Amino acid sequence: MSNQSTSSTPQAKLNPNGAGAAAVLAAGIGSFLVAVFAILADKAASIKSLMNFYNPTGPLSGVTTCAIVGWLAVWALLHWRWSWRNVEVRRVTAAAFILLFLSLLLTFPPIADLF
Amino acid sequence: MEITVRGLWTMIHGMGFGALYLMACSGALVELYRRYRSPLGSETKEEDERFLRIYLTAMAVLAWLTVLTGAYIIYPWYRAVPPPGTASLAAFPQRLLMSSPSTAAWHSIGMEWKEYVAWLVPISITMAAAVFSQYRRSLRIHPELRAAVLGFVCASLLAAGIAGFFGVMLNKNAPVAGGPTIHIVQGEQK
Chain A
6 MSNQSTSSTP QAKLNPNGAG AAAVLAAGIG SFLVAVFAIL ADKAASIKSL MNFYNPTGPL
66 SGVTTCAIVG WLAVWALLHW RWSWRNVEVR RVTAAAFILL FLSLLLTFPP IADLF
Chain B
140 MEITVRGLWT MIHGMGFGAL YLMACSGALV ELYRRYRSPL GSETKEEDER FLRIYLTAMA
200 VLAWLTVLTG AYIIYPWYRA VPPPGTASLA AFPQRLLMSS PSTAAWHSIG MEWKEYVAWL
260 VPISITMAAA VFSQYRRSLR IHPELRAAVL GFVCASLLAA GIAGFFGVML NKNAPVAGGP
320 TIHIVQGEQK
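Here the protein sequences line up with chains A and B, keeping their order.
Residue 6 is where the first sequence starts when you use my numbering, and the numbers rise one by one after that.
Residue 140 is where the second sequence starts when you use my numbering, and the numbers rise one by one after that.
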């Protein structure tokens, strides 16, 4: 998923796909982080109490805040690295869709409880 | 006719923001699909691009309002712990659901899925709005990015549908109610 060009049209060179690919992959990673932090908070009592940022909401506040901060940080980093270049966007979107699909599965309690 | 403050917030969260998002989502999917299935040469007007950009941004705002009101206003009322010796659990929806085997899964599966899956919605639609705003008409020359935007909007519809379905069912089985009462209309006694 580096700087390999997928499109050689002059328009694509003028308007590289890197910024879009960064946003797409970051969204996949952000979604996956929601599921990962939720499972961690559910399985480990120490993480559960660490995630209790706002007592009335409980660990949900920390899980979602950490996931959102992680998503925005990854997005900023990828945007900084990719925004002026064309990347192999097919692989990037495939990875993002896999992460999104896993997030939908892993947030489902009967599957999350398998861990 | 009257409503409690908690009931009103639940209505704003579910029917105001959540249901509006679901309706807007189907509109966005149709518009994105219609726009990009037409031949490459066909031009879209600047005002159409602007409209869709504002539409997707408004959807992102709606999605954030839905999850934030859900997590920080309604969820604390839902998960409140009753003081020892409380006879009626009506004001403590989570405990009310968990008190019976016939309703416990609405919490252990329904709420526990809803509270996390709902957050995939603002992440997905914010990405879609950002990519569309950045590329606008030139998204036509990036088919993979177009597919990603469409796919994430579809996923956001699915996640919002799951959250919405469980929200409705939870509220049917154990409504979030209580707090001060707002009188809307004084009815006539018969």
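It should be emphasised that the hints constitute simulated quantities derived from the structure, not laboratory data.
Please note that a few of the clues may not be correct.
Stated by the list, open to error - In silico contact screen, one side only, chain B against chain A (beta carbon under 7 Å); selected entries: (1) E185; (2) Y211; (3) I212; (4) A230; (5) E251; (6) W252; (7) Y255; (8) W258; (9) M266; (10) V270; (11) S277; (12) P282; (13) L289; (14) L296.
What the hints assert, rightly or not - Label-pair ranges, simulated between beta-carbon atoms: (15) R86(A) with I321(B): 49 to 59 Å; (16) S227(B) with R86(A): 10 to 20 Å; (17) L55(A) with T225(B): 26 to 36 Å; (18) S227(B) with P61(A): 53 to 63 Å; (19) K184(B) with R90(A): 28 to 38 Å; (20) L297(B) with T70(A): 40 to 50 Å; (21) S165(B) with I103(A): 24 to 34 Å; (22) A50(A) with M140(B): 39 to 49 Å.
What the hints assert, rightly or not - Partial selection, computed: residues in chain B whose CB lies under 8 Å from chain A: (23) A158; (24) M162; (25) Y214; (26) M237; (27) P240; (28) I248; (29) I262; (30) Q273; (31) H281.
Here the structure is a predicted model, which is why all the values come from computation and not from measurement.
Built from N, CA and C at the ideal position, the CB exists for glycine as well.
Quick rundown of the hints versus the structure:
Checking E185(B) against chain A: minimum C-beta separation of about 17 Å lies over 7 Å; hint violated. The criterion of a C-beta within 7 Å of any C-beta in chain A is met by Y211(B), whose closest approach is roughly 6 Å, and the hint holds. The criterion of a C-beta within 7 Å of any C-beta in chain A is not met by I212(B), whose closest approach is roughly 9 Å, and the hint is violated. Given the 7 Å rule on beta carbons, the hint for A230(B) is violated: about 15 Å separates it from the nearest Cβ of chain A.
With a cut of 7 Å, the hint placing E251(B) at the interface with chain A holds, because the nearest CB-to-CB distance is about 5 Å. Here the hint on W252(B) is kept, as its CB sits about 6 Å from the closest CB of chain A, short of 7 Å. Against a cut-off of 7 Å between C-beta atoms, the interface hint on Y255(B) holds, since the closest Cβ of chain A lies about 4 Å away. A least Cβ separation of about 5 Å between W258(B) and chain A falls short of the 7 Å threshold, and the interface hint therefore holds.
For the restraint placing M266(B) at the interface with chain A, the shortest Cβ-Cβ distance is roughly 4 Å, inside the 7 Å limit, so the hint holds. Because the beta carbon of V270(B) sits about 5 Å from the nearest beta carbon in chain A, less than 7 Å, this interface hint is met. Given hint, S277(B) at the interface with chain A, holds; its Cβ is 5 Å from that chain's nearest Cβ, closer than 7 Å. Restraint check, P282(B) versus chain A: the minimum CB separation of about 9 Å is more than 7 Å; hint violated.
With its C-beta approaching chain A no nearer than about 11 Å, L289(B) sits outside the 7 Å limit, and its interface hint is violated. The closest approach between the C-beta of L296(B) and any C-beta of chain A is roughly 12 Å, which is over the 7 Å cut-off, so the hint fails. For the pair R86(A) and I321(B), the supplied restraint of 49 to 59 Å holds, since their beta-carbon distance comes to about 52 Å. A hinted range of 10 to 20 Å for the beta carbons of S227(B) and R86(A) is inconsistent with their spacing of about 57 Å.
Take L55(A) and T225(B): their Cβ atoms lie about 30 Å apart, and the range 26 to 36 Å holds. About 21 Å separates the C-beta atoms of S227(B) and P61(A), a value inconsistent with the hinted range of 53 to 63 Å. Remark: the range hint 28 to 38 Å for K184(B) to R90(A) is upheld by a beta-carbon distance near 31 Å. Checking the proposed 40 to 50 Å range against L297(B) and T70(A) shows it is violated: the Cβ atoms sit about 24 Å from each other.
A hinted range of 24 to 34 Å holds for the C-beta pair S165(B) and I103(A), which are about 25 Å apart. Distance hint check for A50(A) and M140(B): the Cβ-Cβ separation is about 46 Å, which falls inside the suggested range of 39 to 49 Å. A hinted interface residue such as A158(B) counts as satisfied when its beta carbon comes closer than 8 Å to some beta carbon of chain A; here the least separation is about 21 Å, so the hint is violated. Interface restraint check for M162(B): the shortest CB-CB distance to chain A comes to about 22 Å, outside 8 Å, so the restraint is violated.
Among the interface hints, the one on Y214(B) holds; its C-beta lies about 6 Å from the nearest C-beta in chain A, closer than the 8 Å criterion. With a cut of 8 Å, the hint placing M237(B) at the interface with chain A is violated, because the nearest CB-to-CB distance is about 14 Å. Because the beta carbon of P240(B) sits about 16 Å from the nearest beta carbon in chain A, more than 8 Å, this interface hint is broken. Hint status for I248(B) relative to chain A: holds, with the closest Cβ pair at about 5 Å, below 8 Å.
For I262(B), the interface hint holds, the least distance from its beta-carbon to any beta-carbon of chain A being 5 Å, beneath 8 Å. With 8 Å as the threshold, the beta carbon of Q273(B) comes within range of chain A, its nearest partner Cβ sitting at about 6 Å, so the hint holds. Satisfaction of the interface hint for H281(B) is found here, the shortest Cβ-Cβ separation to chain A being roughly 5 Å, below the 8 Å cut-off.
The structure fails to meet hints 1, 3, 4, 12, 13, 14, 16, 18, 20, 23, 24, 26 and 27 from the earlier list, while all remaining hints are met.
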